[in-house]
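Chain by chain, the residues run as shown.
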Amino acid sequence: DSGVTQTPKHLITATGQRVTLRCSPRSGDLSVYWYQQSLDQGLQFLIQYYNGEERAKGNILERFSAQQFPDLHSELNLSSLELGDSALYFCASSVARRVGGSPLHFGNGTRLTVT
Amino acid sequence: KNEVEQSPQNLTAQEGEFITINCSYSVGISALHWLQQHPGGGIVSLFMLSSGKKKHGRLIATINIQEKHSSLHITASHPRDSAVYICAVLMVNRDDKIIFGKGTRLHILP
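Heads up: the sequence lines are chains A and B, in that order. FYI, the numbering for the first sequence is 60 to 174, going by my numbering. FYI, the numbering for the second sequence is 50 to 159, going by my numbering.
Honestly, the hints are just simulated from the structure, not real lab data. Where a beta carbon is used, it is the ideal one built from N, C-alpha and C, also for glycine. Check before you lean on any hint, since a few could be wrong.
Said to hold, decoys possible - Which chain A residues stay away from chain B? Per the calculated CB distances, all over 10 Å, these:
(1) G62
(2) T66
(3) T74
(4) G75
(5) Q76
(6) S86
(7) G87
(8) H132
(9) N136
(10) V154
Stated by the list, open to error - As a list, the in silico BS3-like pairs of lysine-lysine whose alpha-carbon atoms are at most 27 Å apart:
(11) K146/B with K116/A
(12) K117/B with K146/B
(13) K151/B with K103/B
(14) K116/A with K117/B
Based on the provided sequences and hints, a complete structural model is requested.
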């Protein structure tokens with residue numbers, strides 16, 4: 060058990076809708092990362108938060124946004140959903156601010172299916 | 050050309066065999082991760098290394114910074130090692146950027 064909790068495990072929704080994915084990091088970890096894994100693209104880094112502040116952005120679409128709350132849990136909001144947004148969304152956490160500063164701990168992912 | 054290349058893409062072996070998975074990269078890096086993704090989808094970080102060699106149980110990871118190459122070895126492989134193994138590199142001076150390989154799917158037959 061990594062200590063990282065992601066909810067929900069599965070989500071099925073229609074095109075045009077908006078969903079929120081939630082991540083609770085491992086106790087003591089200040090960094091939260093969001094990744095998208097689609098069949099053809101592999102894992103892609105979306106965004107990182109450290110202690111409530113956005114620290115780094117990857118290939119995140121404008122339709123997507125995220126935030127990290129004072130209790131350090133994070134939410135990833137996906138709006139105007141398209142079929143191509145269907146993927147596994149992973150959250151990971153670590154102690155360090157830098158992504159290479161400490162090991163990453165991954166949640167089990169949220170499988171999003173857009174129909 | 051992808052910045053991180055893994056080989057082989059797929060590997061099937063018999064239980065007990067020695068397994069090697071390779072990762073080559075074309076960018077300067079500060080560190081490299083090896084990840085294991087189980088059939089159910091969950092991801093586990095196996096190693097983070099920036100030089101030399103690390104060992105954990107039957108798993109060994111090596112990295113050669115000059116040759117821009119890393120290997121993951123599994124000794125005495127077991128069917129429970131069946132998973133996708135993913136190499137990820139952290140670009141030097143860009144510690145916010147991590148690039149993932151497409152993974153190696155390993156299947157160990159009993």
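Hints, verified against the model:
1. At the 10 Å boundary, the C-beta of G62/A stays outside the reach of chain B, the nearest C-beta of that chain being 12 Å off.
2. The Cβ of T66/A lies farther than 10 Å from every Cβ of chain B, with a closest approach of about 14 Å, so its non-interface assignment holds.
3. No beta-carbon of chain B is positioned within 10 Å of the beta-carbon of T74/A; the least distance is around 23 Å.
4. At roughly 26 Å from the closest C-beta of chain B, the C-beta of G75/A stays outside 10 Å, upholding its exclusion from the interface.
5. No beta-carbon of chain B comes within 10 Å of the beta-carbon of Q76/A; the shortest separation is about 23 Å.
6. Distance to chain B confirms S86/A as a non-interface residue, since its nearest Cβ pair spans about 17 Å, more than 10 Å.
7. No beta-carbon of chain B comes within 10 Å of the beta-carbon of G87/A; the shortest separation is about 16 Å.
8. The beta carbon of H132/A is kept farther than 10 Å from every beta carbon of chain B, the shortest such distance being approximately 19 Å.
9. No Cβ of chain B comes within 10 Å of the Cβ of N136/A; the nearest lies about 21 Å off, and the non-interface call holds.
10. Its beta-carbon lying about 12 Å from the closest one in chain B, V154/A satisfies the requirement of being farther than 10 Å from that chain.
11. Distance hint between K146/B and K116/A is fulfilled; the C-alpha atoms sit about 8 Å from each other, no more than 27 Å.
12. Distance hint between K117/B and K146/B is fulfilled; the C-alpha atoms sit about 17 Å from each other, no more than 27 Å.
13. A C-alpha spacing of about 22 Å is found between K151/B and K103/B, which places the hinted pair at or below 27 Å, so the restraint holds.
14. Pair hint K116/A plus K117/B holds up; C-alpha atoms about 25 Å apart against a cutoff of 27 Å.
The structure is consistent with each of the numbered hints, conforming to all of them.
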